[in-house]
Amino acid sequence: MGKVVVVIPAPRKRWSPPWFGAEAKRALGVGVIVAALATGCGWPYWQAHPVAMAVTLAGCGGFAVVGALLATGRRTRTTGRLFLVASIAWALNWLASWNAGIGPVLSGYAQAGFYLAIGVGVLVYPSGRLEHRADRAWAVLAAVILASGPTALWVTSEPEWAAFSSRAIWPAPFVDRELFRDVLWLYGVLYVVLAVTFVVVLLLRLPRMGRLRRALVLPVSLAMGLVGVSAALTQRPLMEDSIGLDELLRVYTIQGAVGIVVPLALLASGLRVRIAELAVAGRMLRLTAPVSVRRVRDALREVLHDPTLELWFWAPTERVYVDPEGRPVALTGRDGPCPGGARWREEVRTAAGEPLAVVELGGSLRDHASRVEAALVAGGRALETAQLQATVQANLEQVRAAYERLVRAESRERERLVRDLHDGAQQRLLALGAMLATLAAVTGDPEVKERAHRCREELLAALAELRSLVREVRPALLAQDGLGPALEVVTERFGGRVRLDVTARRFALEIESTLFAVLCEALSYAVERARARQVSVRVRVVQRSLVAEVSDDGTRPDGDGADISGRIRALRGHVEIDGSVPGTTTVRVVLPCE
Amino acid sequence: MRIAVAEDSGIFRQALVTLLTTVGIEVVVSASSGEELIARIADDPPDVAIIDLHMPPTYTNEGVTAARHLMQRHPGIGVLVLSAYNETPQAMELFRGQPRGVGYLLKDHVTDVSTLRAALERVRGGEVVIDPDVVNRLVDARHREDELARLSDREREVLSLMAEGYSNAGIGKRLYLSSRTVEDHVRAIFTKLKITSVGGPPGPQDSNKRVLAVLSWLRAIDAR
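These protein sequence lines are chains A and B, in that order. Take the first sequence: its letter number 321 is residue 321 in the numbering used here, and every next letter is one higher. Take the second sequence: its letter number 114 is residue 708 in the numbering used here, and every next letter is one higher.
Isolated chain B (complex conformation) (with noise of 0.2 Å):
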């Protein structure tokens, strides 16, 4: 696999990129900024691009900025955007649309090599992928929501992992549960919290469409 990487902090790019090459992933560009990133691969995309949230010069959403101009000039490309933070939401833009190859992971995380690989493999595969930390806020935050007490723990279990992007089989195999019966706690979670989304309700293997829908459904609970 061919990453790139953009982040401003020197020392911390240095031991990632490091920590990539010593686990067999191939770092083919190594950008302190998003600008300086898109040029270098212009001509030679990667496979996966890693950007830093917070960059100069106002270090609060270029790396999302970044990562919108790269997905929309080399279509197919997978980005992962990191962030020290985990209260960021302007991060959730980058899954306005309904965008492919998209992760958005938090810098803990990423000491962590299973992890990160992972993410990184997800991502390339065009799926989405959210930070389970993040994905946790969301739900801890609506724990008390009368909407979400409603769901058993092991349906609340399966909402948490579709957040975080995980098709059925996936969410089976981390729950040791059989298709079916994800697929049943599936449905029940969308009955019971009234999840829509545009253009009909998403269907069980598309697994993109569906963790978009649970995170607007997590976010916008206010404005119902």
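Excised from the complex, chain A in its bound form (with noise of 0.2 Å):
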């Protein structure tokens, strides 16, 4: 996966099909060569036989033309060359027709080749190699037998038994009739031997792979079966000694035309890949309207059938990747495989080259790299879309960020000036009332015990000043035993009017000060201003989050009401006033809580 998707607009040519354009004229180029040579290897054959040089030709042209277009695939280009190569075997395979000359000898060689190109082609699709042992040793088992069988025909016997003429060159050096039927014999049970192996060795194959990419090789598969088998089975006439040169020549048109099933298979899969990436592209434009930066990552989840794939985007004035959070994360690679192997991540761009995204993705998809670039291509302009929201949504996740740390800094701020008043000014205060009291204790003068006395009454309303301030910033008891004791404290002003249900649970300091201090403001509000006879609160854990609830049957007018949202929002929370109940007002509250 070394190479990175552009998208919008999408010049590059390996998105045009690959049986269209410049790709596609060269394949046929090739094709129409192949075509000529078998027509020239064939050419004494085929005066005679215009319907037969009419299959092989077709058949000799189309494997040429397959080989070459699948030769440009990255992963099939192991296949491609295989095929061509046995195209240009099948055409010299007909070098058996002029019956004389280095023709006869190099006919069977070129049949074996035939054989062992498509096998070993057909096996190593769509990996680009061979991936089983099992693959490995059919491999091996064919090229032995394959390439053995001809030179034991022409070891063992003369060119007239083997259905060709002596102006052949055929260089028998162990000529023995009995020797030669032992050898055909032999090899007619071996040929059949390699077709039932090969055929074998690809059931083996199927049930390792992933769904998507056995769809894409069981045509091949079952082709590629009935090819080896009907060669198996043809080849036998020619197995036995003394036949006729035109009867061998019929066997290999036959086995020539049954030949081409497979490329017509293969172009069967390559429609089928072609189709499912044009699928995924219209999927992709439907599920991704509108745009949000979840959708899209939910919707290449859903045409990718991989519900583990993750998304992030380049925020580009932070200079990050950001999830759909807008939270930042920090990447160690941005394509080829993750580490460990298993997943592997692809890099998005923009048409301008600049960063847009990363994809992470099972590894199963690795096979479908053309399905996975036809979903981030159609998803390109969501893509784009997305990211300007995630940006926006990286920088609103900044500010949230300050405002967070400016809310718990606060608090913090808050709880030192509450110390500071108790500690402080409150215990002079304190003390400064002790030392009238001992002022007037050791007096005599009953002027200065009544000024004294008079000193001590303003020092008390100072004090009482004092700690209503206090209470507000902080109560004591919200940091000994929580919410629901502290707002006991505050509803007991309220007499029976109001309702408490408040959860044990402890919360951070924050959150509690926050909640505390937003709960006292709406509870006076409903008191005091709507007017409210009975008030119940409410706060408990919800899932992940804490609810609180103040309900009232107060009235107020429109638009009125305590600004509490500030505070929450700071703390990732939010505020709703809830009217569905006649009578009845209920503000909510929503923290997130871990």
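Rather than coming from a laboratory, the hints here were simulated on the basis of the structure. Among the clues, some could well be false.
Label-pair restraints from in silico Cβ distances [as the list claims (entries may be wrong)]:
hint, chain 1, residue 1, chain 2, residue 2, range
1, A, Gly566, B, Pro693, 41 to 49 Å
2, A, Asp501, B, Lys788, 23 to 31 Å
3, A, Arg493, B, Lys788, 23 to 31 Å
4, B, Thr659, A, Pro307, 48 to 56 Å
5, B, Thr615, A, Val448, 13 to 21 Å
6, B, Ala763, A, Glu594, 53 to 61 Å
7, B, Arg690, A, Thr443, 54 to 62 Å
8, A, Gln398, B, Ala743, 53 to 61 Å
9, A, Glu450, B, Ala743, 39 to 47 Å
10, B, Asn730, A, Leu417, 27 to 35 Å
11, A, Val542, B, Pro693, 39 to 47 Å
12, A, Arg412, B, Ala763, 49 to 57 Å
Part of the chain B face toward chain A, derived, beta carbon under 7 Å [said to hold, decoys possible]:
hint, residue
13, Ser603
14, Ile605
15, Phe606
16, Ala609
17, Thr612
18, Leu613
19, Thr616
20, Val617
21, Ile619
22, Pro651
23, Thr654
24, Lys701
25, Thr705
26, Val707
All figures in this text were calculated on a predicted structure; none of them were measured in a lab. Where is the CB? At the ideal position from N, CA and C, for every residue including glycine.
The task is to assemble the complex, starting from two chains supplied on their own in separate frames and drawing on the hints.
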């Protein structure tokens, strides 16, 4: 996966279908050349057999075209080259029709090369290599049998025994009729063995493949199994001695005609892939409207059948990748296999070459790079829009994080203020009171006593003011026993009008103090401004959120309400006003809590 | 009377000790924390220990913890807990069980020599003392309750004094009523509020048990 997908507009050639354009023309050219070669090789036979010629030329040309097309694909290159070799081998096979010179000997090897090339070519499809031990073993076995077969023929026979004339170059060092019959019998059996083992190897491969890949491989495997078995069966008559040349060439015609099934099956698979790509593109467009970051990710997950797919966007101003929530993510690699190797990532760039996003996919999608690419290209505009959203989200997230830090700092500052008031000012004033009492106790002067008494009254008033200030900032009870007991003290002021149902769970300092301040505000608003007769306060944990509700039966003018949402939003919460129950207003505060 | 003081604020502790000494009350230990006080009086306990409610490290209920510890270790010692704040339900922990000689006073009233001396003496005598402001807050909070509304003004006054820990005689003295009249009021209050306590209704002379029953009624009304 060393490449980078570029979207909008997508000028790259890979995006045009493989069987149109320059590559297709080149493939057609190769097909014509191979067909011409076949024409030349089989010329003596073609003159009397035009149908056999048409079938063979179409087969050879078709094979060559498919091979050339496959050779342009990254993962199908090996298969393509092998098919190209096979088509040339089949053309050369027809040299037998000249019935003279080196042609007949070469023809046997060409036929063997044809079957070996398509057999191995199908086994390496679509991964590009022989993946399993059985595949490799079969390839070795096939190479040995197919290469030794034609050799054994010319070593043990006269050309006439093998359907050729004496004008053929035919070394024949150990001519022996009995031995030749045994050789024919042995290789007749070996070819059947080869065909059967090939089908077995193909069947063994199927269960080890993923669903998508099996769909791709199955038609080709079936076709190739058919070709292999039919080849072994049609070869049988050739394994008799003293057959005629015409009979031999007729068998070649049939074998070549059956061989066409393989490229046809491959074409069908290619079409399937292409249709799947188009379907993916269409679904991406449908699933991403209207665009949102999450929607783009979910659409990719759906069309690629990968629920584990992850998507991160590049936030250009922050120069960092962010997740759909806008939180920065540190990515160790942006392209290629992930550490561990099971998953892989693909980087997506804009047309201008700027980073756009990184997609992480499950390993099973590796064989379907073109489908992934199609989905990414189709989702390109949505991706760019989503990137803008992600960027805005990231900016917003920064602001929110700063605000959150501010609220936390404010909570700590309040705590410090309360402590200062307790340790400092209040104790000092109380000490002053005790000193005044001492003064009154030691003096005999009634006027001084009177003055000290009046000073003490003033002092107590000052203390009361100081305390009400501290109480608003943070009651000691909140720190010790939490929201419930602290609210209980507050509601004592309102008598029996307030009903409390508060969870005993404890939360972070800033959450408790913010919620306490907000609930006090909502409570006093309900009782003092809205003139409620019944108020109920309910605080509970729902999943991972802290939900606080203040419901009252008071009346309030439209648009009038305590503005408490700012502090709540800073802690990533929100405030709702619910008037759905007639005669009751509910202020609902929802705060995330871990 | 011999007194020990535990108070974390140096300036207030100093002023309190000076005041006590000036009015002729002997201060034997002046400590800056509950632990220090407990350690220093271990061998020679005073008559009464004065303990601040809010002390380090959490400034919440350290005083209550120290007081209960002290009462356990030295039965018979009087403990007077001080608080700068009225809204401190955690202080009510002091009165859990059937304590004797426990008091809870706001620091504002400490600056009034006569209140302070009276509280110290009552605690030393084994009585339960609760600051009138605390009681008023509790009674006020329940003022709108139907059941409290059924009390007459006089009965409400008697209820408050009961909650502060006064005996029938003490109540009578403060309200200029005869003991018998106070007794009638107390019975009426108990009946109207349906106050009960563990082990049957408290007798009129058992002021400690009575104050606790009244207090728990005042605090528990929500639960009923």
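Hint check:
| no. | hint | result |
| --- | --- | --- |
| 1 | A:Gly566 <-> B:Pro693: 41 to 49 Å | 47 Å, holds |
| 2 | A:Asp501 <-> B:Lys788: 23 to 31 Å | 25 Å, holds |
| 3 | A:Arg493 <-> B:Lys788: 23 to 31 Å | 25 Å, holds |
| 4 | B:Thr659 <-> A:Pro307: 48 to 56 Å | 55 Å, holds |
| 5 | B:Thr615 <-> A:Val448: 13 to 21 Å | 20 Å, holds |
| 6 | B:Ala763 <-> A:Glu594: 53 to 61 Å | 59 Å, holds |
| 7 | B:Arg690 <-> A:Thr443: 54 to 62 Å | 43 Å, violated |
| 8 | A:Gln398 <-> B:Ala743: 53 to 61 Å | 57 Å, holds |
| 9 | A:Glu450 <-> B:Ala743: 39 to 47 Å | 40 Å, holds |
| 10 | B:Asn730 <-> A:Leu417: 27 to 35 Å | 28 Å, holds |
| 11 | A:Val542 <-> B:Pro693: 39 to 47 Å | 42 Å, holds |
| 12 | A:Arg412 <-> B:Ala763: 49 to 57 Å | 53 Å, holds |
| 13 | Ser603 | 4 Å, holds |
| 14 | Ile605 | 4 Å, holds |
| 15 | Phe606 | 4 Å, holds |
| 16 | Ala609 | 4 Å, holds |
| 17 | Thr612 | 5 Å, holds |
| 18 | Leu613 | 5 Å, holds |
| 19 | Thr616 | 5 Å, holds |
| 20 | Val617 | 5 Å, holds |
| 21 | Ile619 | 11 Å, violated |
| 22 | Pro651 | 11 Å, violated |
| 23 | Thr654 | 4 Å, holds |
| 24 | Lys701 | 5 Å, holds |
| 25 | Thr705 | 3 Å, holds |
| 26 | Val707 | 5 Å, holds |
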